[in-house]
Amino acid sequence: MNAITNLSPDLSRRNFLGVSGVFVLGACLPSCARTPAPPVATEPFVPNLFLALEPDGTVHVTAHRSEMGQGIRTALAQVVADELDADWSRVVVDQADGDAKYGDQNTDGSRSILLNYERLRTAGAAARMMLRQAAAQHWGVGVDEVEATNHEVIHAGSGQRLGYGDLAGIAATLPVPEDPPRKSEAEHRYIGKHAVHVDAADIVRGKGTYGADFLMPNMATAVVVRCPWLGGGVKNILNKPNTAPGLLAIEILDPSASAGPVFNPVGGVAVVADDTYTAMRIARDLEIEWADSPNQTFSSDALQEELRKALTQPGTPVPNAEKGDVDAVFAEGMTELSATYETPFLAHAPMEPPVAIADVSGGMCVVHGPFQDPQSARGLVAAWLGYEPENVTVTPTLLGGAFGRKSKPDFGLEAVELSKRLGRPIRVQWSREDDIRHDYFHASSAQYHRAAIDERGHPKAWLERTAFPSITTVFDGGATMPADWELEMGFSNLPYTVENQRMEFAGLRPGVRIGWMRSVCNIFHAFSANVFADEMAAAAGRDPIEHRLEILPASGVLKVPGMQPPEGHGQDVGRLRHVIERVRALSEWDRPRPEGTGLGFAVHHSFRSYVAVVLEASVANGTPTVSNAYVVLDCGTYVNADTCVAQMEGAVVFGLSLALLGKIDMADGVVAQSNFHDYPLLRISEAPATSVELVPAQGRLPAGVGEPGVPPVAPALVNALFAATGTRHRSLPIKVA
Amino acid sequence: MALKLNVNGRDVEADVAPDTPLLWVLRDHLGLTGTKFGCGGAYCGACTVHVNGSPVRSCQLPVSGATDAPITTIEALEAAHPELLDVWVKNNVAQCGYCQSGQLMSAAALLEGNASPTDADIDAAMAGNLCRCGTYVRIRAAIHEAAAQRTGGNAS
Ligand code: FES
Ligand code: FES
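Protein sequence lines, in the order shown, are assigned to chains A and B.
So the first sequence is numbered by the working numbering: it starts at 1 and just counts up by one.
So the second sequence is numbered by the working numbering: it starts at 1001 and just counts up by one.
Each hint should be verified, as a subset may be incorrect.
Stated by the list, open to error - Not the full set, but computed from the structure, chain B residues with beta-carbon under 10 Å of chain A: (1) 1006; (2) 1037; (3) 1128.
To be verified - Capping the alpha-carbon separation at 30 Å, the derived lysine-lysine pairs in DSS-like fashion look like this: (4) A:207 with B:1004; (5) A:240 with B:1090; (6) A:183 with B:1090; (7) A:193 with B:1090; (8) A:323 with A:460; (9) A:101 with A:323.
In case anyone wonders, no lab produced these hints; they're calculated from the structure.
For every residue, glycine included, the Cβ atom is placed at its ideal position computed from N, Cα and C.
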């Protein structure tokens, strides 16, 4: 973190006062020709959706993406404030409701900056231009003679200066320029620098408002007991209490609604009470007879067996991906290598379980909660109630982690339905058990790799198969097969040079809901491909990094066909090679480690970013220990350097949790795990020291940060453990607690 | 029946069943929502508060067991540990922040008993506090920095 300026609000305020003090002295010489300040405006200056300037100089930036720890509220404000050249200490961030006027608000896919970077720069730059024009007009000078900097417009010729707030009234009368001049990268004060998160000071005082912290007058709290298997309705409540202190209602939620739009609730029995504990206690004691459902036969072990079986036969070929003649090369009798890799179902387990509060009254509905996509949530709530979207407000609170789980607003719809029935605000609080048992699970998977290699470990033919239950099974009742965009997450876009290559896939319908979890199919595809590449190197006795650089093309940009807009991204092999070279240096790859300690390497391109990881690991008494993690990230242009580093640190922990500990099992349609004792997460005592290097922006397009750190972690661990012990783990998790 | 508690230096009353966990009394009855619910099972530490100066998982403690001892929550931590809050903010320790009330309460209790904790001391004292966002390396660094500030030295 060299050369990162500290922009903590206090520091920048002090700088600002110091600097302006000097100027004020000079500006007050009696010889100055001075125009009186314009009258104080009565209204804020609001040139666009994302920015409002109060007459007192306070700048409001509207964050239309949801904050879940990725620092987006801060980053969006940094972009606007930089182009506005605002004083950071006078910037306040307001959270937007879900509303189509903002464009995409679906905070997933690591897209917030890349979708909004240019438009937010323009938003800030337009306001800055208008403030300069306002000042020039007021002083009767040319706009080219005035400069806007750090919340003031200055006319150097006369020494006059006006604060941004003083100019709000005049600026508001001017037309908004469509193509305002924007800063060069070198001129950026906030973009690409360190900023303390705008919510940090609240969070450490317990004042951050998360889903369960938003209170409404006359609210009650509901806890829902859901059928252990997907799709089972309530047959009978065997011990329904008529009254109990604090109990307000027991309501049955129909699961058939979940056959409709995919993010509808699963149904169950809602216990509504004056307070959370009363609702939880009564819910815990309910004995409920559930209706049968076809999902009751679902077994994750059986599904895994089917996935394994699918890999033993030809699958559906990835269209246009076949190169050369794989079978002919395999018939030549070269050295062959084949391996099957497996990964289990996973639960997101954000530290904040799902929770939301809704108030349906007077034909209006207001919902607050940790929603990743308040706009689609608004649409779903409106559809549920039969209201016009204009009569529904969905406002995100802070999200206590999400990782993809909270892009599904099923928990919000539960609150909406109960508020509608009971005529008062209802908060629905999920327990941890509810969260783990009723997740939209990350899919289990299996991959088969077979290669014919030469004496340097280079693949001459490579057959790759993948099988997993697709996310599309949630959207489409008939779907069985993975979608192109799932295959493009690290499977059909392997960057390696191989003349003979075939890629095949298979899918199955699961008896649970599948969802996207931080980096999605990249998790298992990066795992199998990186471990298999390491196995090729090992089979030929080669250094894994040296070998990898050899099997990558020297340069070129590989097209990633299904990549969502904006266009202009592919997989740039030069950038891939660069992060590999950098992680080799950062980890001091060639420095000998103690006996029994191994280094493992992996690299992956996802969400338009390039991440290389080296882990240092050893095993004592059967327990793996990861002592050091080295990560190099190339995400193009980035906004908050420190956030990028933090996201890589977090990705290491997230990746190690799934590599070492995470596994969800289902038998008879029922999830076996329920809380952190049987679905453990990495603890601080298991977390490695972590070094992160950011590749300089170099004017490149911004790319993803929240997700791309995760995929290389698990394979780097497996490769490190192989280096340390000679044992190759091909199935995750490596250790089941 | 109204139970008497002393929370953050104030005498308060809560009219709740005596088996109600302290967590829910703080959150639902006293309006102190800084203390978080993460698991309800003593696994995650999100609900950590101080009772009599010791870190306690408030989801496990029936409120009837907390009537005789002073209770401190995150809302009042700043008075005794401004340095912790400062280093936490300055170093952007929090990601989503949901676990951080508990992390800070555990960190404060650690520093009360150990002015200069080692990495191993930190790992031992903080192992009960999960962070799904993975802020552990910053928590370690921030505790060292806060300890150095408290003892008048500088964090290296
Ligand atoms: S909520 Fe108390 S330990 Fe998790
Ligand atoms: S900061 Fe998100 S769980 Fe710790």
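Tested hints:
1. Among the interface hints, the one on residue 1006 of chain B is violated; its C-beta lies about 18 Å from the nearest C-beta in chain A, farther than the 10 Å criterion.
2. A distance limit of 10 Å between C-beta atoms decides the matter here; for residue 1037 of chain B the minimum to chain A is near 7 Å, and the interface restraint holds.
3. Interface hint at residue 1128 of chain B: satisfied, since its Cβ lies 8 Å from the closest Cβ of chain A, which is below the 10 Å cut-off.
4. Of the supplied pair hints, the one linking residue 207 of chain A and residue 1004 of chain B holds, its CA atoms being roughly 25 Å apart against a limit of 30 Å.
5. Pair hint residue 240 of chain A plus residue 1090 of chain B does not hold up; C-alpha atoms about 52 Å apart against a cutoff of 30 Å.
6. For the suggested pair residue 183 of chain A and residue 1090 of chain B, the alpha carbons sit about 28 Å apart, so the restraint of at most 30 Å is met.
7. About 14 Å separates the Cα atoms of residue 193 of chain A and residue 1090 of chain B, which keeps this hinted pair within 30 Å; it holds.
8. A hinted pair counts as satisfied when its Cα atoms are at most 30 Å apart, and residue 323 of chain A with residue 460 of chain A qualifies at roughly 11 Å.
9. Restraint check for residue 101 of chain A and residue 323 of chain A: the C-alpha separation of about 46 Å exceeds 30 Å, so the hint is violated.
Figure legend: structure checked against the earlier numbered hints; hints not met, in rising order: 1, 5 and 9.
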